[in-house]
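Student: The primary structure of each chain is shown beneath.
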Amino acid sequence: MEAKIVTENLNAYFGDVHAVRGVNLSIPKNRITAIIGPSGCGKSTLIRCMNRMHEVVRGAKVTGKVLLDGKDIYDADTDPVMIRTKVGMVFQKPNPFPTMSIYDNAVAGLRLNGEKDWKKLDETAESSLKLAALWDEVKGNLDASGVSISGGQQQRLCIARALAVQPEVLLLDEPCSALDPIATAKIEDLLFDLKSQFTIVIVTHNMQQAARVADFTAFMYLGELIEFGDTKVIFENPVKELTEKYITGRFG
Amino acid sequence: MNTFAYRRMKNRLASFAALACVIIALIPLVYILFMVVKTGAPAISWGFLTNRTVGTGGPGEGIGNAILGTLLLVFYATLMGLPIGLLTGIYVSEYGNNKVGYTVRFFNDLLANFPSIVIGLLAYALVVNLLQFGFSLFAGSVALAIIMIPIVSNTTEEALRMVPNSLREGALALGVPRWKTVLKVILVNGKSGVITGALLSVARIAGETAPLLLTAFYSSYWSSSLSEPVASLPLTIFRNYNSPSKELLQQAWGAALVLILIVLSINIGVRLFLRNRTVKRKVVKNWKQRLSLRT
Chain R
0 MEAKIVTENL NAYFGDVHAV RGVNLSIPKN RITAIIGPSG CGKSTLIRCM NRMHEVVRGA
60 KVTGKVLLDG KDIYDADTDP VMIRTKVGMV FQKPNPFPTM SIYDNAVAGL RLNGEKDWKK
120 LDETAESSLK LAALWDEVKG NLDASGVSIS GGQQQRLCIA RALAVQPEVL LLDEPCSALD
180 PIATAKIEDL LFDLKSQFTI VIVTHNMQQA ARVADFTAFM YLGELIEFGD TKVIFENPVK
240 ELTEKYITGR FG
Chain X
0 MNTFAYRRMK NRLASFAALA CVIIALIPLV YILFMVVKTG APAISWGFLT NRTVGTGGPG
60 EGIGNAILGT LLLVFYATLM GLPIGLLTGI YVSEYGNNKV GYTVRFFNDL LANFPSIVIG
120 LLAYALVVNL LQFGFSLFAG SVALAIIMIP IVSNTTEEAL RMVPNSLREG ALALGVPRWK
180 TVLKVILVNG KSGVITGALL SVARIAGETA PLLLTAFYSS YWSSSLSEPV ASLPLTIFRN
240 YNSPSKELLQ QAWGAALVLI LIVLSINIGV RLFLRNRTVK RKVVKNWKQR LSLRT
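Each protein sequence line maps, in turn, to chains R and X.
For the first sequence, the residue numbers in numbering that gives the first Met the number 0 are 0 to 251.
For the second sequence, the residue numbers in numbering that gives the first Met the number 0 are 0 to 294.
Treat the hints loosely; a few may be bogus.
When the alpha-carbon atoms are kept at most 27 Å apart in a straight line, the in silico DSSO-like pairs for lysine-lysine are as follows [unchecked claim]:
no., chain 1, residue 1, chain 2, residue 2
1, R, K60, X, K98
2, R, K115, X, K98
3, X, K98, R, K118
4, X, K183, R, K85
Partial list, derived from the structure: chain R residues whose beta carbon lies under 7 Å from chain X [unchecked claim]:
no., residue
5, V16
6, H17
7, V56
8, V80
9, K115
10, L221
11, I225
In case anyone wonders, no lab produced these hints; they're calculated from the structure.
Nothing here was measured: the structure is a model prediction, and the numbers come from that model.
C-beta atoms are modelled at their ideal positions from N, C-alpha and C, and glycine is treated no differently.
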């Protein structure tokens, strides 16, 4: 199995708080990897280290390595802006830009970076909205505001927006926590369709969701990576006792 | 009395108290407006608006040069103060989570509450004396710009802080550089607050009197040169009110009315302009056309 992202002894801090502790993890290419664990265990911080979004928070610090295709994204000569075009991110709460239309939101990454070729923008808007399984619902309504659609649609719009810059990896930070079960199911179906083209990492609180969509699952606890492996193994036959306790709901 | 009725009574009492306070707060405002219009309106005529001040109270006199002077003072002060204030506000809000930011914020708060006469003194010492500009339009504009900077900066900072952090992160995560995120996402979303702050500061400096006494001084003539003293509406009011002549007093009220109208019309004008812009945007039309072409 080819690894897309490898973390080596990764540590992340918020000021004095040591949020991620010595994580060694390799994310397989073109697969869905879920990261589970109780609140505050460092799941979100871990994936925010993978596209250098951790450092935008004041007082945040990272040590260790994150290799993307073998190259450390924390090298001094690496531009975080470039990394973020390769490693896209979708957040917990849908955050379409409220002053932009659906169309503008879908191609925001291109337009904000100065793309002016309307033909290319049109094609990208259509293809990324189709990839995000939103096209049929909004195609007659592309100039409506990005926040005028439902929460589930907004989240898929955010996925389309992330896909429009043609990333190689898609990080999703609890993308369904604000959505109802139907919208959640749509996004899960979508992730399933996307994994042939993208490497997907999803942080989730919902263990059923991890079991449904992920090929591999990582379990984190108090900032440490406790166990990582095939989802089936993690859920049915975990090696560590802590993992089993969490999966069976005895704590967390 | 049962609890529900008691609660309802408390609720009514509180609403009534709030309403009463609103009315009390509005009384002086309405009274001032009423007085200015009632006393000032009879002074206003075409000649009053277009003739220059002479200072004798004669019939051919007006406040034309003072209107021009105030407009020029506000224009040059805005030209200098607005960009500096705006950029300071952006810096403090978006890049100011450090010692520099805290220091700037501290001095902004200090400067915003400074007595304006002291700022006039500073501009006098600096521009009039040290730089040898003398009493001049330029010196007056500098004084007003200094008053404007902390107001614009503080309101810009407030407005940008109101923009949710999720939008900042959303743009950054798309691989948009920081400065473009600030320019095209943060500023666009905080636009109305920023503009309101800029307007407030324009209204504030248009009515400043004390700093102009020491900088722009006064002139009875038409003057638009940056290096010469210039008349202004607040100073015209101040000078006329100190004179014993009834006609000049009348002119002072007329000038006050004109000053209020200028400030009000700037305010309303920009608000209308903004409202129209948010309803229809050029690009929207474009998409519709292209969409209809495609399907």
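Student: So which of those numbered hints doesn't the model satisfy?
Tutor: 2, 3, 5, 6, 7, 9, 10 and 11
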